Amino acid sequence: MKFCAECGSRLAPNSKFCGECGVKIQDTCATADTTSTDVSREGNVAGPSRPSVNENVLNSKLDELKKKFNDSKEKMSKKRRATYKPDGGKTVPLEIRFLDLKEKRIQRIFSNGTESAIMIHSDATDTMATWIRHIKEKFKAPLEVIPMRYSRGEFIVLPSTTDINELKRLCTGKRKFLGFYAKICARFKLGMQVWTCGNGE
Numbered sequence: 001m002k003f004c005a006e007c008g009s010r011l012a013p014n015s016k017f018c019g020e021c022g023v024k025i026q027d028t029c030a031t032a033d034t035t036s037t038d039v040s041r042e043g044n045v046a047g048p049s050r051p052s053v054n055e056n057v058l059n060s061k062l063d064e065l066k067k068k069f070n071d072s073k074e075k076m077s078k079k080r081r082a083t084y085k086p087d088g089g090k091t092v093p094l095e096i097r098f099l100d101l102k103e104k105r106i107q108r109i110f111s112n113g114t115e116s117a118i119m120i121h122s123d124a125t126d127t128m129a130t131w132i133r134h135i136k137e138k139f140k141a142p143l144e145v146i147p148m149r150y151s152r153g154e155f156i157v158l159p160s161t162t163d164i165n166e167l168k169r170l171c172t173g174k175r176k177f178l179g180f181y182a183k184i185c186a187r188f189k190l191g192m193q194v195w196t197c198g199n200g201e
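Numbering (full-length UniProt numbering), first residue to last: 1 to 201.
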């Protein structure tokens, strides 16, 4: 019975190379029979064998690839953080139409104009709370409004967590517009006039 002098693994009869570590078998390989006590010189013949040369090379290459991947991922993450601007990049225009206290469409929102709606722009991460702030900035006043959508013959209130994806889902079908209604919660102190023309769209 022969054992490899390099890793201590048991060798097959007449083998020229160790099946575990790949080392060429020389005359220095340890030999023993079933009665010899030299077999257990390292005490780990029956235990788990050490990784072969091929396994070590493979693990080394795998670690190198993992490091390159993590470095690349970190660079891309830093680049995204550096280039992201909350008010910049690609935005989506939203149309805001107005309702009076009786939920009638306001056809002229300014006494000196003809506009029946305003436009704001939304980033992908904006929610209803951000859109309401944009509306107030348009009027430069603490305007109190309730965001609503017209659905199945009635107006429904939109939650403050509504985002652009949810709004797009609601704004489908014929005669739909990408945006929402803003119900004015106070009598018009901003020079607005009420010209109503029925409910909805």
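Calculated directly from the structure, the hints in this document are not laboratory data.
A few of these clues could be false.
Taking CB as the label site, the calculated pair distances span [unchecked claim]:
hint, residue 1, residue 2, range
1, Lys68, Asn165, 15 to 23 Å
2, Leu58, Arg133, 53 to 61 Å
3, Thr172, Asn54, 37 to 45 Å
Once the Cα atoms are required to be at most 30 Å apart in a straight line, the calculated BS3-like pairs of lysine-lysine come out as [what the hints assert, rightly or not]:
hint, residue 1, residue 2
4, Lys183, Lys102
5, Lys140, Lys104
6, Lys73, Lys140
7, Lys140, Lys168
8, Lys90, Lys73
9, Lys75, Lys102
10, Lys183, Lys136
11, Lys75, Lys16
12, Lys2, Lys102
13, Lys136, Lys102
14, Lys2, Lys90
15, Lys90, Lys75
16, Lys90, Lys136
17, Lys61, Lys104
18, Lys61, Lys24
19, Lys90, Lys104
20, Lys90, Lys24
21, Lys24, Lys2
22, Lys176, Lys136
23, Lys16, Lys90
If you're wondering where the values come from, they're calculated on a predicted model, not measured in any experiment.
A virtual CB, placed ideally from N, CA and C, is assigned to each residue, including glycine.
The hints, checked one at a time:
Distance hint for Lys68 and Asn165: a CB-CB separation of about 34 Å, inconsistent with the stated range 15 to 23 Å. For Leu58 paired with Arg133, a C-beta distance near 56 Å keeps the hint of 53 to 61 Å intact. Evaluation of the 37 to 45 Å hint for Thr172 and Asn54 yields a failure: the beta carbon distance comes to about 58 Å. For the hint pairing Lys183 with Lys102, the CA-to-CA distance comes to about 9 Å; that is within 30 Å, so the pair holds.
About 23 Å separates the Cα atoms of Lys140 and Lys104, which keeps this hinted pair within 30 Å; it holds. This hinted pair does not check out: Lys73 and Lys140 have alpha carbons roughly 43 Å apart, beyond 30 Å. Pair hint Lys140 plus Lys168 holds up; C-alpha atoms about 28 Å apart against a cutoff of 30 Å. Taken as a hint, the Lys90 and Lys73 pair is honoured in the structure, with Cα atoms around 23 Å apart against an allowance of 30 Å.
Restraint check: the Cα-Cα separation between Lys75 and Lys102 comes to about 54 Å, which exceeds 30 Å; the hinted pair is violated. The suggested pairing of Lys183 with Lys136 holds, with an alpha-carbon distance near 13 Å, which does not exceed 30 Å. Proposed proximity of Lys75 and Lys16 is contradicted: the alpha carbons are some 49 Å apart, above 30 Å. Of the supplied pair hints, the one linking Lys2 and Lys102 is violated, its CA atoms being roughly 98 Å apart against a limit of 30 Å.
Between Lys136 and Lys102 the CA atoms are separated by roughly 21 Å; this keeps the pair inside 30 Å, and the hint holds. Taking the CA atoms of Lys2 and Lys90, the gap is near 72 Å; set against the 30 Å cutoff, the hint is violated. With a C-alpha separation of about 22 Å, the suggested pairing of Lys90 with Lys75 holds against the 30 Å cut-off. For the hint pairing Lys90 with Lys136, the CA-to-CA distance comes to about 22 Å; that is within 30 Å, so the pair holds.
Our distance criterion of 30 Å between C-alpha atoms is broken by Lys61 and Lys104, whose separation comes to about 69 Å. For the given pair, Lys61 sits about 25 Å from Lys24 by alpha-carbon distance, which is consistent with the 30 Å threshold. A hinted pair counts as satisfied when its Cα atoms are at most 30 Å apart, and Lys90 with Lys104 does not qualify at roughly 33 Å. Among the hinted pairs, Lys90 with Lys24 is inconsistent with the structure: their alpha-carbon atoms are about 65 Å apart, more than 30 Å.
Distance check on the hinted pair: Lys24 and Lys2 sit about 13 Å apart at the alpha-carbon level, within 30 Å; holds. For the suggested pair Lys176 and Lys136, the alpha carbons sit about 24 Å apart, so the restraint of at most 30 Å is met. Under the criterion of a C-alpha separation no larger than 30 Å, the hint pairing Lys16 with Lys90 is inconsistent with the structure, at around 68 Å.
In terms of the numbered hints stated before, the structure departs from hints 1, 3, 6, 9, 11, 12, 14, 17, 19, 20, 23, listed from lowest to highest.
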